[in-house]
Structures are given as structure tokens and as C-alpha cells.
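First to last, the sequence lines map onto chains A and B.
Take 8 as the starting number for the first sequence in the working numbering and just add one per residue.
Take 2 as the starting number for the second sequence in the working numbering and just add one per residue.
By construction, these hints were calculated from the structure, which means they are not laboratory data.
Built from N, CA and C at the ideal position, the CB exists for glycine as well.
Hints may be right or wrong, so weigh each one.
As the list claims (entries may be wrong) - Selected chain B positions facing chain A (Cβ under 8 Å, derived; list incomplete):
(1) K18
(2) D19
(3) M51
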Amino acid sequence: MARVVVLGAGISGHTAAAFLRKWLEKTDEVVVVSPLPDYNWIPSNIWVGVGLMKAEQVVFPLAPVYARHGIVFKQARAVALYPEGSEANAVPFVEIEWTQEGKKGEREQVPYDYLVNATGPKLNFGATEGLGPDKNSLSVCTPGHARETAAVLRELIEQMKRGERKRFVVGTGHGMCTCEGAAFEYVVNLEFELRAHGVRDKAEIVYLSNEYELGDFGMDGVRFRRSGYVTPSNIFTESLYAERGIDWITRAHVKKVEPGRAYYETLGGEDKEISFDMAMLLPPFSGVGLKAYDRKNEDITPRLFAANGFMKVDADYASKPYEQWRAGDWPRYYQSSAYKNLFAAGIAFAPPHAVSRPHLSPRGTPIFAAPPRTGMPSAMIGKTVARSITDMIRGSDRPTHTASMAEMGAACVASAGANAFKGTAASITVFPIVPDYERYPDYGRDLDYTMGEIGLAGHWIKILLHHMFLYKAHLRPGWTLIPE
Amino acid sequence: MSEQTQEYKPAQRANMKDSFYATKPTGITLFLRTFLPWQIWRFVRINWKMLVIIRRSHKGH
């Protein structure tokens, strides 16, 4: 009998746990450790944040689903890894701290044969002074944050209906943020909803971003064939913002947020500030702060984790100039470089380098978008890791399946306004996610498989994906037929 | 801090805005974005394209 412990029940962890349970023997045990009781379909938090959905529509309790499928669920947060066990007991284990009511604060050592670190990110609001829902800005990163944002928006809409003018600032709250796609979705949905409420003329909307160009999304932008040209994604994004009357500020590192005011440094080295009535600014991500110890209880955290807290896996982390970055630097198996029974999936793995070209301000402040690892790639990595672990339990001495982001594509649908007949969404496909300039010297990607367009069809697809992926996450009959 | 920083002020005249230099959709492009027959076709086409990407991404893994 083998025991596999999965840390985290987000898109990657939940996918890994579900497939492990499906593929492993009944005598094997799958344990999920997650600090929250619910699964959250995060892409739909955008609609909660503009008041179109209730938070309850994007979450569901995990315990009944796991109980039905024979997965052990511990509502707890992982504190430390002991990949060699302890001096008293040489079996690897993870120390967890329960968050469930009734057991809150209790610690437990959970032994494992294999461990998947799929903890996702820490929402690092603390990186920017005054940033975050507990301080002076809003977020849509969690259902609770999104609900709070929707309440503030509702109040402002009432004030605008009484004739008041308001300024909305939406974007990234730090120079090293990722997830610009979420900020993009929120700003265009916000604009759409303000129009729907008949108060668009009372609103000034400003998109404030660390991206070098609009449409960078941490992927160094995307290039599409369109109307006889190969056109970069900034053209399409600028076009959408111009059409919707959204102003934009790019190449900005937000360094401080006060009530009603954000301060930012530009890539050119200028210090600027912008006042707002509502600011939805996403935080940068970091690892969740897991520690690691060897058998003698010596701290080996730097061996397992990069400085940003994400887990080091089979990637090339050697420091080298941007020109020497290669698609082959990206991990294929997601196996820890230190312990072969440790894996990291989804956002929890440390990317070897950025995808977008790095830029520093004259003061040395890094201002560029960090690489995304969310959605489709997260799920595919989770599934691939589950397949490899299953094969290793059955006798393979190494991981058997790969899911390099430099070898896989992604399909992404970004809502631009939710309405069954007037709504639109940007449907984007890229192949591969991480550009490979050795295979595709001109653009780094295969333009036959890289496309993007805006339209009502995209909105229908977005709705379809919402229901389909929630159905799949419930592990209802036929869930394996729905692709990642 | 506010004494040393420049306050953001929105541009007033059209050609002072970044958006003046952006590509803008024509009427026919906007019309097609929500024109049902065209969008039903695009729904089929985009879904097909996405399935091809998913299949290719899984290939050999």
C-alpha cells in the first residue's frame, strides 16, 4: 500500500488528487491537505467581483466530494516538509496545522510515500505598502475578496446614479505581478457593467499595469495572423481599451497605496500618483512559505525551494542572460531536484525564468510581468504528475509523463462583458505557452495554433467552461471525459 | 511623498490620449462580434481549434 499526499486543492492539486484516486489501487491512499474547506473555480471570481454571480456559485465544499470518492481530506495548512523523516522515524512526512473548527491549531505529522506540492501561491499583498482588501485596495483573488469588491462597486454605482463622478483604477499592485489576464477581464467587465447600469458617462476607468505593453500577460505577448499581417497582442488589447474608453498606464510598479491614492514608479524612473474612488489591484505571488528539514532537523529549505518560496523542480535554474534563455530550461516532470518522491504542480513550482523580457527602472526596480501558470497548464501538470506517480508506485524508477509549458499549448477565454446576446469574450489559443525560438525562430510560437478573437461566441464558451469545469471538479459521472 | 510625485491627469483632447493611436474596430467588426449566425459559426470553429490544441498538448505525454 502506498500513500500519496497532495498539498492544496486548487485546480492543479484537485486534478492530481482526482486522477491519483482513479488510477491507484483501492489499497493505496490519497490524502489531500488544504487550509480551506471549499473548492473555488477561480476564473469565475471576476463575475463575482462585478456582482453578476454570488460567491456561492463559484465554490463548493470539498469534504463530501472526497468522502464519496475515497479521498482522505484534512482541512489544514502544510507547515514543514521532512523528506527524510526524523531521527526517530525515517519515513518522510509533512507537518500540518489544522484549520478546521474544533481542531484549529492542532499539529499532525502525515507520512507519505509520494508528495505533490500544489499549494498555489501566497497572495503577497505585503509586498506593497497599503495594498489589499485589509488595507486600501480591493481584489478578486478569492471569493471573499470578490464579494467585497462587488459590494463597493454596487455602492459607487448608486452614487453615480445620483450624479457623482468616480474614478476606477484596475490592474497590478506591484512591479512583479503575474495574472494580468485577470486584471484585463475585470476592467472590461467593469466597463460593461457600468454601461449596463447606465452610469458609464460618470466613470473614468484607468488600467494600471506592470506590463511593458498591453496584452503582454506575462507571456511576452502573443502574435496572431490577422487581415494579412502577423499582429502582436498589444494591438488588439489597446484596440479594445480604446473602443471601451479605458485609459491605460503601463510599465508601472505600484509601491504604496493610501486610501484613495496609489503611488507608482515608472520604468522611466518617474514617481507618479493617481487618485481613485475604487482600486482593484492584484498582488504579486510568492510561495506559501513551506519550510523543509532533513533527518537531523537541519533547515534544508534553500535546497528545496527558490528564494521566492516556489519549489525547485527539474528545470535549469542557472542564472544566465535573457538571450540564453531556452524553452528547454522549463521543467518536464515537475519532480523535485532533491527528492525523487517530491513533486510540485501548478503555481507551486519555481519557473526557471520569466517569459516576458525583464526590465529594470533606473533605480533598479524590476518592472515586468511574471510568468503565468494558471488554468489549463495547472490542470495538465496536475494530471501528468498523477500519471507519473502512479507509474512509479507500480515499479517505474522515474517519472514517465511530461507536461512542459514549452511543449504544450493553452486555450484561454477572457470575459469582456457577460450577457447572452450582447456579451463578448476574447478567445485565445497559444502553442506553446513558453515561446520556443529554436523550433519557431520568428515568433517563438506556431502561428497555425495561435489565434485570438473577440466575440459573443467567446462568452458562450466562457459560460460553458464555467459549468463544465465545476461539473468536472465535483467528480460527477463522466468527469474524466472533460479535458483539462 | 506627494510633493515629489506627479499627479496623473487624464488627457483632455483626443490626440493627447494613447487611445488616439490605437487601432479601432469598424462598424462591421463590431456588428459581427454579436451577429448570431456568424457567432454560432465562430463558436463551433473556436471550440474545434481549442480541442485541437488540447489534443496536441497531450500528444506524446
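Going down the list of hints, with the structure as the test:
1. K18: holds (7 Å)
2. D19: holds (6 Å)
3. M51: holds (4 Å)
Figure legend: structure checked against the earlier numbered hints; every hint is met.
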